[in-house]
Amino acid sequence: SQKIEQNSEALNIQEGKTATLTCNYTNYSPAYLQWYRQDPGRGPVFLLLIRENEKEKRKERLKVTFDTTLKQSLFHITASQPADSATYLCALDPSGGYNKLIFGAGTRLAVHP
Amino acid sequence: EAGVAQSPRYKIIEKRQSVAFWCNPISGHATLYWYQQILGQGPKLLIQFQNNGVVDDSQLPKDRFSAERLKGVDSTLKIQPAKLEDSAVYLCASSLGETSGVLGNIQYFGAGTRLSVL
Numbered sequence: 001s002q003k004i005e006q007n008s009e010a011l012n013i014q015e016g017k018t019a020t021l022t023c024n025y026t027n028y029s030p031a032y033l034q035w036y037r038q039d040p041g042r043g044p045v046f047l048l049l050i051r052e053n054e055k056e057k058r059k060e061r062l063k064v065t066f067d068t069t070l071k072q073s074l075f076h077i078t079a080s081q082p083a084d085s086a087t088y089l090c091a092l093d094p095s096g097g098y099n100k101l102i103f104g105a106g107t108r109l110a111v112h113p
Numbered sequence: 001e002a003g004v005a006q007s008p009r010y011k012i013i014e015k016r017q018s019v020a021f022w023c024n025p026i027s028g029h030a031t032l033y034w035y036q037q038i039l040g041q042g043p044k045l046l047i048q049f050q051n052n053g054v055v056d057d058s059q060l061p062k063d064r065f066s067a068e069r070l071k072g073v074d075s076t077l078k079i080q081p082a083k084l085e086d087s088a089v090y091l092c093a094s095s096l097g098e099t100s101g102v103l104g105n106i107q108y109f110g111a112g113t114r115l116s117v118l
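Protein chains in written order, with my numbering: chain B, 1 to 113; chain V, 1 to 118.
If you are wondering where the hints come from, they were derived from the structure by calculation, not from laboratory data. Be a bit skeptical, because a hint or two may be false.
To be verified - In the DSS-like style, the derived pairs of lysine-lysine whose C-alpha atoms are separated by at most 27 Å in a straight line are:
(1) Lys44/V x Lys71/B
(2) Lys15/V x Lys100/B
(3) Lys100/B x Lys44/V
(4) Lys62/V x Lys3/B
(5) Lys71/V x Lys100/B
(6) Lys63/B x Lys44/V
(7) Lys71/B x Lys55/B
(8) Lys44/V x Lys3/B
Turn these sequences into a full structure, and let the hints steer you where they fit.
See below:
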């Protein structure tokens with residue numbers, strides 16, 4: 001069966017450390033993968049998109065990797081801040097085409113001062 | 001640029017009643033999505049419109065849910081009659097669409113409507 005798995009347990013880290021979130025998928029061949037941030041009571045907000053032929057993508061303190069052999073994406077936040085506390089969702093296109101996303105359940109990140 | 005607008009923000013109804021949600025996407029966005037998000041889960045696609053045509057409604061419970069996109073802009077999602085398990089946040093999102101390549105699938109979400117069915 002097709003699955004997208006993110007760590008269901010909350011990730012607690014100290015301010016200033018690097019947070020690493022994992023997204024694993026099964027029986028999909030996505031052309032790209034996206035990461036979104038969701039705060040309580042708000043809709044998801046797009047952060048980064050990485051294509052299947054890209055190994056790594058960076059944006060300010062954010063870094064995403066995409067390993068199509070391992071069927072895994074890692075999302076890193078360096079020098080984390082309490083303001084980074086939120087739920088992070090990974091999403092992929094299920095058919096290698098455009099225009100549709102399947103979302104994981106998300107991982108809640110809590111950054112403590 | 002104005003974002004995706006949704007209303008109402010909250011709705012409480014009793015089971016077997018009907019309810020409707022409204023969404024106004026970002027101007028110029030061809031694709032509109034409705035998602036259901038149950039607490040602790042990721043958004044689940046209910047229906048996807050390309051302009052005013054339905055692209056995917058495979059996970060829409062058609063015996064009780066219906067949706068339309070008027071003139072390819074605004075959209076409404078209706079539930080009739082509601083069940084207890086429909087309690088969730090209903091999210092609307094829009095994107096530029098496939099004619100804009102991969103970046104056309106970046107989705108912009110509204111704040112959602114929180115539905116409680118008692």
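Going down the list of hints, with the structure as the test:
1. For the given pair, lysine 44/V sits about 21 Å from lysine 71/B by alpha-carbon distance, which is consistent with the 27 Å threshold.
2. Note on lysine 15/V and lysine 100/B: the hinted pairing is violated, with a Cα-Cα distance of about 31 Å set against a maximum of 27 Å.
3. Under the criterion of a C-alpha separation no larger than 27 Å, the hint pairing lysine 100/B with lysine 44/V is consistent with the structure, at around 11 Å.
4. Note on lysine 62/V and lysine 3/B: the hinted pairing holds, with a Cα-Cα distance of about 24 Å set against a maximum of 27 Å.
5. Between lysine 71/V and lysine 100/B the CA atoms are separated by roughly 21 Å; this keeps the pair inside 27 Å, and the hint holds.
6. Restraint check: the Cα-Cα separation between lysine 63/B and lysine 44/V comes to about 26 Å, which is no more than 27 Å; the hinted pair holds.
7. For the suggested pair lysine 71/B and lysine 55/B, the alpha carbons sit about 12 Å apart, so the restraint of at most 27 Å is met.
8. At most 27 Å may separate the alpha-carbon atoms for a hinted pair to count; lysine 44/V and lysine 3/B meet this at roughly 13 Å.
The structure is inconsistent with hint 2 alone, although it conforms to all the rest.
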